[in-house]
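Student: Generate the whole structure from the sequences, applying the supplied hints.
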Amino acid sequence: MKKFIDKLIEGLLKLSGTVTGITVLLIIVFLFKEGSGLFQSSTVEKGYTLLVNSENLIDKLSPEELKHIFDGKIENWKQVGGRDEEIRVFRFDEIFSIYTDDELGEDYALIPEKLGEVINTNPAIIAYVPQKYSPKNVQGIKELTQEKIGLSDYFLGEEWLPTATPAPLFGILPLLFGTLLVSFIAILIAIPLGVGVAIYLAEIANERIRKLLKPAIELLAGIPSVVYGFFGLVVLAPIVQKTGNLDLGETAFTGSLILAIMALPTIISIAEDALRTTPKAMRDASLALGANKWQTIYKVVIPFASSGIAAAVVLGVGRAIGETMAVLMVTGNAAVIPHSMFESVRTIPATIAAELGEAPSGGTHYQALFLLGAVLFIITLTISIVAEIISSRKMIKE
Amino acid sequence: MKKLILALSIISIAFGCNTANKKETVTIKGSDTVLPLTQKEMEAYQKKHPEAAISVTGGGSGVGIAALLSGTTDIAQSSRKIKFDEKLKLEESGKEVHEVLIAYDALSIVVHPDNQVSRLTREQLEDIFTGKITNWKEVGGEDLKIIPYARETSSGTYEFFKESVLKDKNYMNGILSMPATGGIIQSISQTKGAIGYVGFAYVNNKVKDIHVSYDNGKTYIEPTVENVKNESYPIVRPLFYYYTNLHETGKSFIDFILSSEGQKVVSEVGYITLNK
Amino acid sequence: MIQTKKIKEQIAFSVFRLLGFMVLGVLLWILGFIIYNGIGVISWEFIFSAPTDGMTGGGIFPAIVGTFYLIIGSTLFAFPLGIMSAIYTVEYAKNNWLTKFIRIMTNNLASIPSIVFGLFGMTLFVNTLGFGDSILAGSLTLGLLILPVVIRTTEEALKAVPKTYRLGSTALGANKIQTIKRVVLPAAFPNIITGLILSIGRVSGETAPILFTVAAYFLPQLPHSIFDQAMALPYHLYVLATSGTDIEAARPMAYGTALVLIVIVLLMNTLAGIIKKRFEKNK
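Chains as they are written, first to last, in this note's numbering: chain A, 1 to 398; chain B, 1 to 276; chain C, 1 to 283.
Zero decoy hints are in this set.
With beta-carbon atoms standing in for the labels, derived distance ranges:
| id | chain 1 | residue 1 | chain 2 | residue 2 | range |
| --- | --- | --- | --- | --- | --- |
| 1 | B | Lys251 | C | Tyr92 | 55 to 61 Å |
| 2 | C | Ala110 | A | Leu12 | 20 to 26 Å |
| 3 | A | Val235 | B | Ser118 | 30 to 36 Å |
| 4 | C | Asn95 | A | Ser42 | 48 to 54 Å |
| 5 | A | Gln131 | C | Leu222 | 43 to 49 Å |
| 6 | A | Gln40 | B | Ser260 | 51 to 57 Å |
Only part of the chain B face toward chain C is listed, based on derived beta-carbon distances under 7 Å:
| id | residue |
| --- | --- |
| 7 | Thr25 |
| 8 | Asp32 |
| 9 | Gln39 |
| 10 | Ala53 |
| 11 | Ser55 |
| 12 | Val56 |
| 13 | Thr57 |
| 14 | Gly58 |
| 15 | Thr72 |
| 16 | Gly183 |
These aren't lab readings, by the way, just hints derived from the structure by calculation. Since the model is a prediction, treat every value here as computed from it, not as a measurement. Quick reminder that beta carbons are idealized off the backbone N, C-alpha and C, glycines included.
Tutor: Quick look at the structure:
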């Protein structure tokens, strides 16, 4: 009996061990399953369709073209390959101002018929209507083919406008660039500071200072991200704005400053560990050869610990890329491909946090956000693997 | 130590088992514009009914309606009318949607207090927010870049502005978006060239509001309570509660808001009451 | 020649010292800013009453309680699971593919951004399993977030227990489980507790995982059950700083909330440090 209990317990322990593995697999499954559903959806908003007069030469339009037409930027059919006619944009609600409620029938049953009339009498019209009310199989009316959202629409698209009508745009380039820009600048700031402090702690500082600085750095690591965001919003953004004489303080640069501070503890502690593992023998040998402490540090210790330091930097990058709240509060959240770091940007985590609440479950926006989550997951996974490789390469060297 | 863990576990389980009370909290989610109103109404309501459990969360009108769809809220507060396809989706999932008008709100266009411009037509506003006009000097101000602020796409205010002022055109690329109204006020008060739109109740002395003309410059109207009540100010919108099925507390709460007491709270918060 | 060498060293060392103090300075700047602005707000009323007047008055009690429940919920979930998992990998596992797999997966879980946890928590606990926005969903999501930390610190703690302890126990006739239960675990206890304390600090400050799983803007009645939403300190700070009718007037509340958060983190860090020191002494 006892043996059985022992086996049971061992089995239980084994099961617990696999929980992390199961979780990671589940995360991957959920993210990718939901995200890939995006490519099964059509480009036009769900439940709606686009109708044109059958005399129109055009059979289909890209999401960008649709957006520009409905925004009034493209005004003539010839600009998209049709005849030289001014485009007549028709939105569904207009039907209510053309016909009275009586004319539209009980329960709006006559709407398809009336819509059919409107479209037939307007050769240059393009109508955006719900599928439920669209006239079916009527002569003189053509439905534009609905394309599915394509890989290049998503991964190479330059505009992220998830609620644009009639066709939402899900181009992630602005978000990708925003994320990379903020993290990259943050790391540029954090590396010299972080590695420098690591060297200071590992090699130069005396015991007393180390006792002061180490807990301070742990404290810095423990400050919640929303507190950092608060600090950035209330203190740093106005300072950046005044000093740079900018139009506004919520920029990529401000975000980078805060991220740099947040990534510091990671870089410092890992780099410091790497430096400390340098064998005493190597240091002593260097000193015996006549080098002073500083020369030993930069000619012997740092090169030895270089892969550890590189790993520290890479992990710092990972921390910066995945950061959500601080960035959300401080970068202005404009979904544009930035031209300079003093503009507002929108990062991937901030986009997910800001938009997930309103995306109806299962809709295209929802799927697009999940795909974003998948992209983020892959980026951070790659970084963590790269860090592993770098630090294990060091092991092999020995 | 072990005893402590045991004790904590028992407390938590006992707490967790109190699931019988699940149904009693009325959940309200949605518009950030309606949020302060709901909060104040909750405070007033709870003075009379201290046992009532109500919770409110913001996120934008879109969040509320999406939550109504997925069944994670009892009431969706919204600063825009429910969209056609949202209604369809709800009906398709077998839920009937009830709409209750609870107050009116005016949308104020705000700029930095030092901005010399104090009046704009709807067309100018449309061009500013779609990116056609980019400098204040084009509308009679100084030579300064215009920085438009918008809300997040989940916001009813965002949608309403798009419908009413932009006539359904899409906002310009790269418009700055603030997750909530308070953020817009803050940013505009700090940025000289900024312009944004906020619910009337949010305007304070840190920003300046613009007189708007919807008739091509013939008349410019200032957003004030009287101008909204006499319908001369053009950018006014109704605020709604949407629900599918509601129990006692929820219904009672809504009745309270529609009563004269509840409407008094509406005007205290800075919104416009129903009986104009 | 030797002069320049020495000068170079002096310069280098001064630069590094400067960097060290800069980092210290940043910390003091942030802490000072919050403490200075927040200390005036802290009062009995602030801690023990609910927000009033549209978040410009009253206190943050519901948020404190909410965070408290989330702490209990997440540690109740993550600790037993994490400790058992660590016991398995340290005490039982052979060096096969399963162990390697577990180790890699734990590392991966640790590097996943908190928003992805929020996304996952929402889709699994709130939607698929139907818990809705609830303390239950929030606790499970946060629990997953701290799981890798718990596993790692417990593994380290177990590994630090000298082999002799285990050998001695087996020599006295105990089997594996008894050894673990009566000898290894108690010895590793202080370090495990340190991990617990640090996780508590982490959980109290995380916002992204609770955005879509539990957080409510205003819930003056305390939650009745684990299926209710709850307010929480970090989310409260976020909304105070970015929404509400009168951000300026609510600012003092925001500072107070930030201060409470900082105090919790400070407390946890100090506590962990004290326990570590006590443990070193006893050795």
